[in-house]
Structures are given as structure tokens and as C-alpha cells.
Amino acid sequence: MYLAELTEKPIDLSRVLAMAKSMPSSSQIGARVIFSGEIRGFSHGKDVSQLEYTAHKPLAEKHMLEVVRAAAAEYPLIAALCVHRLGMLEVGESAVVVITCGRHRTETYAANQYIINRVKAETPIWKREFFTDGTSMWGENCHH
Numbered sequence: 003m004y005l006a007e008l009t010e011k012p013i014d015l016s017r018v019l020a021m022a023k024s025m026p027s028s029s030q031i032g033a034r035v036i037f038s039g040e041i042r043g044f045s046h047g048k049d050v051s052q053l054e055y056t057a058h059k060p061l062a063e064k065h066m067l068e069v070v071r072a073a074a075a076e077y078p079l080i081a082a083l084c085v086h087r088l089g090m091l092e093v094g095e096s097a098v099v100v101i102t103c104g105r106h107r108t109e110t111y112a113a114n115q116y117i118i119n120r121v122k123a124e125t126p127i128w129k130r131e132f133f134t135d136g137t138s139m140w141g142e143n144c145h146h
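One gets the working numbering by counting positions in the sequence shown from 1 and adding 2 to each.
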């Protein structure tokens with residue numbers, strides 16, 4: 003089972019993990035990797051107050067699902083999901099969660115990293131950082 007979701011509600015890690023655990027073939031899963039990308043309080047040499055994520059929602063969700071499915075084609079995954087937040091986020095909140103499930107840890111870790119790297123670099127989701135000094139800055143897609 004492969005899922006991708008954009009949400010304007012705070013990401014509830016326990017709900018997302020429950021989704022991953024309820025996926026079919028869970029008895030085959032020997033490794034479950036959970037990545038949560040969280041809002042840092044410091045960026046570009048400044049203190050961050052908030053971040054805002056906007057997206058072309060239909061294209062972004064479609065692309066995220068394509069990335070998740072591409073990871074499943076590249077790595078022997080049993081299940082995977084990617085949830086990305088939209089709207090205003092506070093420091094410490096989860097902006098994106100990727101969960102990959104497979105038989106073994108090596109490929110399950112690699113698939114998780116593959117998904118987050120491609121989602122950050124390619125998906126039409128835009129980030130605006132707001133700083134405590136009153137300035138703001140639009141971010142570029144990340145390539146690391």
C-alpha cells in the first residue's frame with residue numbers, strides 16, 4: 003500500500019504510524035523507518051518564528067505518490083507513505099513525515115531517504131520562512 007497526503011492540520015505522528023501499521027502485509031514487515039522533518043528555530047543565521055508551506059495541491063499530491071511508487075519500484079518495499087503539511091507551522095512542528103516498510107532495514111532506510119530527497123527537491127511545495135526580526139524569505143527546493 004502506498005499513500006501520499008497533503009494536510010493543513012498538524013501531523014499526528016501516532017495517527018500516521020497507526021496508518022502504516024494497519025497496511026496490508028504487516029506480518030511481512032521486518033523494518034519500519036520513520037522520518038519526521040521538523041521546523042528548526044534557526045535558519046540563514048536568523049531565529050525563525052514560523053514557516054508557511056503552500057502548494058499546487060493536486061500536482062503536489064500526484065507527484066508525491068509518484069515518488070512513493072518509484073521508491074517501491076526501486077527498493078523492495080511492502081508499504082510506504084508520505085504526509086506533508088501545508089499552512090503556517092510553528093518551530094518544532096512536523097512539516098513532513100515519511101514512513102517506509104520493508105523486510106530488511108538497509109533497503110527500507112534507503113527508500114525512506116530516496117522519498118524525502120525527491121519530495122523536497124521536486125514536489126511543487128513552496129516554503130516561506132518568517133524570522134523574529136520581522137523579515138521573511140521564500141525557500142528554494144532542497145537538493146541534499
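If you're looking for bench data, these hints aren't it; they were derived computationally from the structure. Treat the hints with care, as some may be off.
What the hints assert, rightly or not - 27 Å max Cα-Cα, derived DSS-like pairs, lysine-lysine:
#  : residue 1 : residue 2
1  : Lys23     : Lys48
2  : Lys129    : Lys23
3  : Lys11     : Lys59
4  : Lys59     : Lys122
5  : Lys64     : Lys48
6  : Lys122    : Lys64
7  : Lys64     : Lys11
8  : Lys122    : Lys11
9  : Lys11     : Lys129
10 : Lys48     : Lys129
11 : Lys59     : Lys129
12 : Lys129    : Lys64
13 : Lys122    : Lys23
Against the structure, the hints come out as follows:
1. Lys23 to Lys48: violated, 39 Å
2. Lys129 to Lys23: Violated, at about 30 Å.
3. Lys11 to Lys59: holds, 14 Å
4. Lys59 to Lys122: OK: lysine 59 and lysine 122 at ~15 Å, within 27 Å.
5. Lys64 to Lys48: Outside the cut-off at roughly 34 Å; violated.
6. Lys122 to Lys64: holds, 14 Å
7. Lys64 to Lys11: The hint holds at about 19 Å.
8. Lys122 to Lys11: Holds, because 20 Å separates the two Cα atoms, which is no more than 27 Å.
9. Lys11 to Lys129: holds, 16 Å
10. Lys48 to Lys129: Holds, because 16 Å separates the two Cα atoms, which is no more than 27 Å.
11. Lys59 to Lys129: holds, 14 Å
12. Lys129 to Lys64: holds, 19 Å
13. Lys122 to Lys23: Holds. Lysine 122 to lysine 23 sits at ~25 Å (cutoff 27 Å).
In this structure, the earlier hints numbered 1, 2, 5 are contradicted, and the remaining ones agree with it.
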